[in-house]
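J.: Below are the chains, spelled out letter by letter.
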Amino acid sequence: MTSKRTDYETELERIGKTISELENDALTLPIDSEKATKFVYLLYQQASLTGDLAELARVETALNTAIREIGPAGDLYFLKANLDFKLHRLTAVRQDLEIGRDLRNSLQGRSLQADLDFQEGNYQEAKRGYEALINDEPAWDNLARLAYLKFKWGDFAGAEQCYIDAENELTAKEMRHYAWVELQRGVLSLRGGSYEKAWNHYRVADLAYSGYWLVSEHTAELLGAMGKVDQAIELYQRVISCVARPEFQQALGELYQAMGKPEQAEPWHEKALAAYLESAQCGDVHYYHHLTDFYSDVRQDGAEAVKWARKDIALRRNFSTLAALAWALYRAGEFAEALDPIKEALSSGAVDAQLFFQAGTIYQAASGNGKGSEYLRMAAEINPHYQNFHTHR
Amino acid sequence: MADHNDPNAVNSIFSDIDVSAADLYDLFGFPSADTANGEKVVIALTFASVPEAGVLDSDMLYRIQVFAEPRVPSSLKEDHGLKDLLRHFDALKEKYLGPLGAAEIRVTVDSSNRATVRFINFAAGSFSKVIDTNKTVIIDTPDGLAIKAYIGGRDDAFFNDLTGFFRSINYAPQFYHVPHTMTDAREAKIPKTLLELEGNQFFNYDPSFPEWGYHGVKKNLPAEPLLWNGDRFYKDNNGNFRFAYSGIDCQAGKNINAIILEIPLAFITKSPNEDRVVSTWGESWVLKAANKVETIPDHPFWLEHPLVLLDAFKLDEELKKYKLVDTDGQPFADAALSEREDNRQLGANNFWLAPHFIKRLAHLGWGFGPSITALGLKTSFDHDNSPVSVHKTYGLVLEAFPRVKKTLLQKLNMPNDDWNPKGLDISMRRPLEIFVPNVCAIDMDTTGTWPFGRRPEDQVATRFLSMFLDMDAEFNGKKYHLELLNDQFLWDHAHIEPKTPPNPLKNDKDFLKDFPYLAAPW
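As they're listed, the protein sequences go chains Z and C.
The numbering used here numbers the first residue of the first sequence as 1333 and each following residue consecutively.
The numbering used here numbers the first residue of the second sequence as 298 and each following residue consecutively.
It is possible that part of the hints are untrue.
As the list claims (entries may be wrong) - To spell it out: a stretch of chain C is covered by chain Z in this simulated footprint if at least three of its residues, at any positions, have a beta carbon under 8 angstroms from a beta carbon of chain Z; those stretches are:
1. 375-383
2. 471-483
3. 514-525
To be verified - Residues on chain Z that point at chain C, a partial pick, calculated with CB under 10 angstroms:
4. Ile1399
5. Gly1406
6. Ile1431
7. Ser1438
8. Gln1493
9. Ile1496
10. Glu1501
11. Lys1505
12. Val1513
13. Gln1632
14. Phe1667
15. Leu1671
16. Ser1679
17. Gly1681
18. Val1683
Hints are computed from structural coordinates only; laboratory data are not their basis.
Ideal Cβ positions, reconstructed from N, Cα and C, are used throughout, including at glycine.
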């Protein structure tokens, strides 16, 4: 008896089939811009869906060929900007938005600009951008963007409503998008300490779009947080067998560590670190944040953590990279020096249990003014289980 | 990916839906010739044959609304001012948004392609029936009447030179690969025109590339903006204009899916002798993602890991589970007059679009009016004797209205009296009352030919263009009428190439004399 194909498998098969049909002549001269754009887009979609970052290199090569032949078409530069964004190349994203024909002021271009503002710590600009976009066209993705901003600013109810509004825009023809929004609602619940709600959202995500590793990965984290470590490990192993990304390997290692099995944790940590470093050696920047976290929390090697945190913050100075630097300095024993970046992170207005936990810990180490306890209390208020297992998203 | 929200990075950045079953094509409505056991009205809603002709999409809900009322004399007059017009719209609004209480028919199809047809709020009440698709079925009503129904694949009943229409409005996506991000580049800022413009290299017919613009054949979008700086219509060496239209049937050989119903008038209204006008319009709705999930069984994983689950789902009224995508009442109400913007899919409730309708018609008038004049015909649009089409848009209705007043308010003459077989005193219809509200108003005492309904054999695309003719003028001793531009004699004597009516005169497949009227699929 053969098992029913999952939605994920079916979609990948469809994409792969169309790529096969197009690949022989999509980029040959004379180039058909619509066909070429579709081909490159499908490559991008395939790489995104499989989570295979190495495949993005193939996408980039095809994309550059198409741009060379067709010129600065808005769609191609929009694709390029998304690719650059995925890889944290924010300067390149800004350039893409300028070069792409009529891209900068299109709805898609404006969404990316607001995302850029968010990443660069211009939160009010980002908020204005999202709200203006929603006013012009209440598309699900912009509602989800605004939801995330609200979530990070502690407005859980506002975020939830935006996610509900986003779902309301999605139809039966967009079940993957729906599953993704359900995952975000799950994360929102998880970060607020509501495991049952998170579980339910993840279950709905799986119903909506079956067989997606991203749902399994989120579920594995939740199981870990709930203390169902054996199940979490089993699920992580399944995810890694499909998508061998280092952040998942690190998470699995941390789970073993939490179980008191360092000998089983270490091989996964080694694999994760090797992949992070290899990426950085190739000139890629998107794992800087993970390297910072890895050295801070897995190796507790403050000096190395500070090194990667400073590289990351040079690219994007936001509350998250500031908090990561502060935490790295704390791990390095530079308590006083950690105060400045953590203050700056807090002054952004972000409301996050993990941020408050780090702030509390740093303040307790750096001064005895009582702020440390206050931040730890605030962290527990947001999420009573904030010290439970969690992944570095 | 660390610490940022990224909806598009893990999802599609462009729409993956190429052709949607939600795309409504046409709504036909006319009195049936079969009056045995009482009068009946035929209503046919056609839409994209997705997933394929004869197989309907189970995520869709199609809705046809029906409302019968007595025929009343038009309150519109040709010398009406803008204020009178606004009063007219207010009165209409009261009627349609107030106690209208239209009856409706909803159709959904399950995964085995069986259709559930629900009749709601009809004179005899509400009931539903599950029927087979792709065959004519008789549905017995609770009050002993019989409704004929056909739900399934047919030949596309629309016969039209779509490429010609898009050439006339310089609609770039028909001719160029226009990126998704360049929405402003779709309708080029070049005068709309029935006659090609001299030097309009971006849209004029290219004799070296005759298939351009047909069957999906396109060019790459040029690097330069799609603009035109000329000052005259193109003429060939013989002094002939070049027609933007070719008369080719771009829909030939294509199939659609359709819901075709023949409904006794007595089922629609308790007063069939008084309620002589049946207004109808169609809508397509697509199931919301959240409601689709309800229909999917749980994966064993979740059942093997039981936790207390919150009840995330609530049963809701049926339509709340769906999202309105498209509406269809009058042909060209969307494509020509609402620029196909999704947020203007309002159907009968399109009153707030009335100002937009006036401005858009004036914009079209500046394009088509001078073309008509150049052909030696009289136009209903006041273009100050412009020798060539002009690209002009309006911000204020007040400015647009005087130009377009006659086009909006003139009575559209019929070519002969065939449309009125009983010889009753029925007024000719005016464009404004045809398009606002956006419904197909079927006069049961006529043949139902457009604009007194819409019969499959009506060449509505050409009749639509006739609105820009001055219906007070005469051609060959006869007043202009809705079929004038379909008259080969006119084109034979015009300085134009090709010498053809703009659109084909008949469908590629003969219509049937009896139910379901539309031809079988290819």
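J.: Holds or violated: is there a CB of chain C closer than 10 angstroms to the CB of Z:Gln1493?
T.: At about 14 angstroms, which exceeds the 10 angstroms cut-off, the nearest Cβ of chain C leaves the hint on Z:Gln1493 violated.
J.: Checking hints one by one. Is Z:Val1513 an interface residue toward chain C, by the C-beta closer than 10 angstroms rule?
T.: 8 angstroms, holds
J.: At a threshold of 10 angstroms, is the proposed contact between Z:Ile1399 and chain C supported by beta-carbon distances?
T.: 12 angstroms, violated
J.: Just to be careful: measuring from the Cβ of Z:Glu1501 to every Cβ in chain C, is the smallest value less than 10 angstroms?
T.: 8 angstroms, holds
J.: According to a criterion of three or more residues whose C-beta lies within less than 8 angstroms of a C-beta of chain Z, is the stretch 514-525 of chain C covered?
T.: Coverage by chain Z holds here, the residue count being 4 at a Cβ distance below 8 angstroms.
J.: Taking the closest Cβ pair, is Z:Gly1406 under 10 angstroms from chain C?
T.: Holds, because the Cβ-Cβ distance from Z:Gly1406 to chain C comes to roughly 4 angstroms (cut-off 10 angstroms).
J.: For the stretch 471-483 of chain C, count the residues whose Cβ lies under 8 angstroms from any Cβ of chain Z; is that count three or more?
T.: holds (count 8)
J.: At a threshold of 10 angstroms, is the proposed contact between Z:Gln1632 and chain C supported by beta-carbon distances?
T.: 19 angstroms, violated
J.: Would the hint on Z:Gly1681 be counted as holding, given a Cβ-Cβ threshold of 10 angstroms to chain C?
T.: 16 angstroms, violated
J.: Residue count check for the stretch 375-383 of chain C against chain Z: does it reach three with CB-CB under 8 angstroms?
T.: Three-residue rule not met by the stretch 375-383 of chain C, so violated; n is 0.
J.: Is the hint on Z:Lys1505 kept, meaning its closest Cβ partner in chain C is under 10 angstroms away?
T.: Constraint on Z:Lys1505 satisfied, holds at 5 angstroms.
J.: Go through the hint on Z:Val1683 and say holds or violated, using the shortest Cβ distance to chain C against 10 angstroms.
T.: With a closest approach of 15 angstroms, the Z:Val1683 hint is violated.
Violation of the numbered hints given earlier is confined to hints 1, 4, 6, 8, 13, 14, 15, 16, 17, 18; the remaining hints are satisfied by the structure.
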